[in-house]
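There are 2 protein chains.
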Amino acid sequence: MNAPGGGMEIRVDRASTEPIYRQVAAAIRADAGAGRLPGGTKLPSTRELSRSLGVHRNTVVEAYHLLEREGVVRSGVGAGTFVVAPPGAEERDATGRGAPFAWGRLMRPAGQGEADPSRLLRPRAGEVPADPIQLTGAIADRRHFPLDDFATALREVMAEADTGLLDYSPPEGDRALRAWIVEWLGACGVAGLSESRVFIVSGSQQGLDLLARLFLVPGDAVVVEAPTYHGACAVLQHAGARMLTVPMEPEGLSLSALAARLRDATPKFLYTMPGFQNPTGISLPAERRELLLRLARRERLAIVEDHFDSELYYEGTRPRPLLADDTDGQVIHLGTFSKMLFPGLRLGWLIVPRELVEPVRQLRWAADLASATLTQRAMERFCRAGYLERHLRRIRRVNARRLEAMLQALAAHFPDEARWTRPTGGLTLWVELPETIDTQELFHEAAARGVLFSPGAAFYPDGGGRHGMRLSFNRESEARIARGIVRLGELIGARLRARRTSGRRRTEAVPLL
Amino acid sequence: MNAPGGGMEIRVDRASTEPIYRQVAAAIRADAGAGRLPGGTKLPSTRELSRSLGVHRNTVVEAYHLLEREGVVRSGVGAGTFVVAPPGAEERDATGRGAPFAWGRLMRPAGQGEADPSRLLRPRAGEVPADPIQLTGAIADRRHFPLDDFATALREVMAEADTGLLDYSPPEGDRALRAWIVEWLGACGVAGLSESRVFIVSGSQQGLDLLARLFLVPGDAVVVEAPTYHGACAVLQHAGARMLTVPMEPEGLSLSALAARLRDATPKFLYTMPGFQNPTGISLPAERRELLLRLARRERLAIVEDHFDSELYYEGTRPRPLLADDTDGQVIHLGTFSKMLFPGLRLGWLIVPRELVEPVRQLRWAADLASATLTQRAMERFCRAGYLERHLRRIRRVNARRLEAMLQALAAHFPDEARWTRPTGGLTLWVELPETIDTQELFHEAAARGVLFSPGAAFYPDGGGRHGMRLSFNRESEARIARGIVRLGELIGARLRARRTSGRRRTEAVPLL
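Quick mapping for you: the protein sequence lines, in order, are chains A and B.
Using my numbering, the first residue of the first sequence is number 391, and each one after it goes up by one.
Using my numbering, the first residue of the second sequence is number 391, and each one after it goes up by one.
So here's chain A without its partners, still in its complex pose:
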């Protein structure tokens, strides 16, 4: 019996023990495999084919479903069923058995590839010599981890032999640690915060992920700073967000650009880092902070504030969180122990308005139930014992000296045309180089010379940043920082000279951001 459709020839053997739907599927599979049904061919409708074969329509439906699971055909609602071009080398036998299972066809179409800006930060295999100078990564220097103090805290909570330590925590987190965070934020200016609004999360990364899942459907707009934290872009892009950027300026995010964005779009929220922004290290001055809050109130803009490194201030006092002056309840606050203390414990916090507490609780439970109880309890003990304060006092001194060493080395060894931020805290600063320098190229050259930095493109979700670089000043000794900057300065200088001798005129000084 022959069916319509270019090249299709289906014979049904009613005497066979092979079910008819499998015979139909086998015939189509064979035709597709042999190229008689090229990729993109539209198959006849199930009604059409069942009529021409004289079989029940469900039999054809079943055959098409099997072929779809096999990845031989693909169907779209209302669009029909189409042959998928067979992958190059892959051979299928008539039953499909033994062929490699086609997982790719099961993956959701969007949100995969583009969502890995961190690939730009990875050197190629074998590229880096031993013991490179690490001016990359917004992470703490593990050599300063207060391991002994933490061991003490851990020993103490274990000694209490409370088996609850190893049992489930509630999704919102351990009560004692949440209470400590409320007190801590109280000291940062956040008055009257209710413990019920505080969630312990497995790092602020998870906090942002929960928010993305709470708010975003594909196509929703979110405003981010440019440059911004590449891990935030990964989360938001996985959720299908349309990323609207507002440029960072030497005084913090551009409010006029933000206002303009709000004229064109209805973003679900602004993701901002008002204190020691990653990657620039810039903090919003008090006036601009006030203006941002005023703009947000006037324009009814939700703010997600990531206060990830606000304790790492080296002059004056810590940056005041936006949450502290959130009169209308439109600020969500993220914090973490990862930057001021141990990233490997995966503990941070998320503070949401009352209205969102129950939805976030449900989302968190579905995502991974809760954070580990033991680490929450040990952290609470560590903080209560005063070990955190002691550690911060020490690390602020160390980091301040390293920042100073980097700024001095930059002034001495980077070309006149370069510009950089001068943070008063945090972990990183940002350099803008003349536009003849591509920092992605420079990255590989420097990696091969034993210096790692973070090329700028990783921090721009919409392109850009090719002439920028993020430098971390907190992972290496002052001497090694200086050595790294000298080496980078040499590489940059050589590139600039090469351009000049190739006939171009002297490069202009670049604007900072």
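Hints are computed from structural coordinates only; laboratory data are not their basis.
For clarity, every value in this text was computed on a predicted model and none was experimentally measured.
Among these hints, one or two may not hold up.
[What the hints assert, rightly or not] Covered by chain A, per the in silico footprint, the following chain B stretches (three or more residues, Cβ under 8 Å): (1) 556-570; (2) 591-600; (3) 781-789.
Don't be surprised by glycine CBs; every beta carbon is placed ideally from N, CA and C.
Position chain B relative to chain A; hints supplied.
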């Protein structure tokens, strides 16, 4: 100047310092607030309104965007802009300032409310007397946690003073623990597993969540068992999955029902618990296990196997994972330390085909970067030291006695019409009661009498289960288990007698599942 549209009256004052878009927004806001523009009213198009007001079209666009952020109007692509009915008591002043920020409007529309089956498992506040008998929760008895052994493991890894303990783990997890899992699964029959396919996750819950995010777009079908683990339903429903169920039978999931499902649909995967299923405690016998794998191969069905409690076997040997006989690479495997050991550490594993390793790595990094390093290292030490095996030997003996106590009590105290499963391992069993008994009602009655169990409806994503109940036999002593069953038997008996005296005839024995 007046604009078209029922009840709209907009006056623009060009002399005012208030920007025109804000004047337009204020007028519409006032009209909506006063009921002159009722909820559902379609606003004029921006072109129309800008023309009639004699202002630039962008001004109207801006006004509409502001109103949308305020929650006053809502727009759909291509559909126009509509007034939102104002919430009951909420009063807005002309600037919107001071009004509570409307977070609800920012939440993604779907996937919230229905995704919390666990609400069915929660007693009402104040309902439960002190020290209730816990026949609820598929969780271990924390009184048997090997706290001392774990303290030893923890002390040992801390004593090595490796600061890496508190630094980031790679997204795929600590290498030593992954190697241990490969060996462990080797002992379970999984030969030749490559370490590169193993991810450490924060509990198998997170593993399933990552898979849901990797595969599912809203509307995608997934096959689950009925009854099934309610936490899996929560994850899948949050991802917008269409849940197709196949009934559990006394010998495991119904293969004929599964085959029928595959005739009607193209599910992304089957989520199955082949060993000591939650909630029924049923394990797939070897023949049916083989048939399931054969069906999956023939029908090209992806399987997600949750092997959460396979070490808790009390007769014979552990159930063999489907992964062990996965010739065509179509099984994804989830495992966890939460059931055999400590749930509060949040450690489990996810084993994916090679093709999915990189996408899962990216997703995991975006979700929360990695699991905690310290707990991974301590767990590896604990397992290598033989503490896990020792703990399992002890807990298997304890649980076996408790299971036996529960089965005896059920036989003695539950009505003749009831039926229940007889697991040979795991943590829970399943009871079917006569259909005159609603276990959700019984749940609250029993809670008030100091006995907690899990009512059946929580385990059926598509309705059903009203006459079923899950009983946990692993959290209480044998004496208290017996006491709990006696009390439940009394409550059930009383309900049955009340039905009979109210004129109905004797209830028939119910079929098990």
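So, going through the hints one by one against the coordinates:
1. 556-570: holds (count 4)
2. 591-600: holds (count 6)
3. 781-789: Check failed, 0 qualifying residues.
Comparing the model with each earlier hint shows a violation of hint 3 alone; every other hint is respected.
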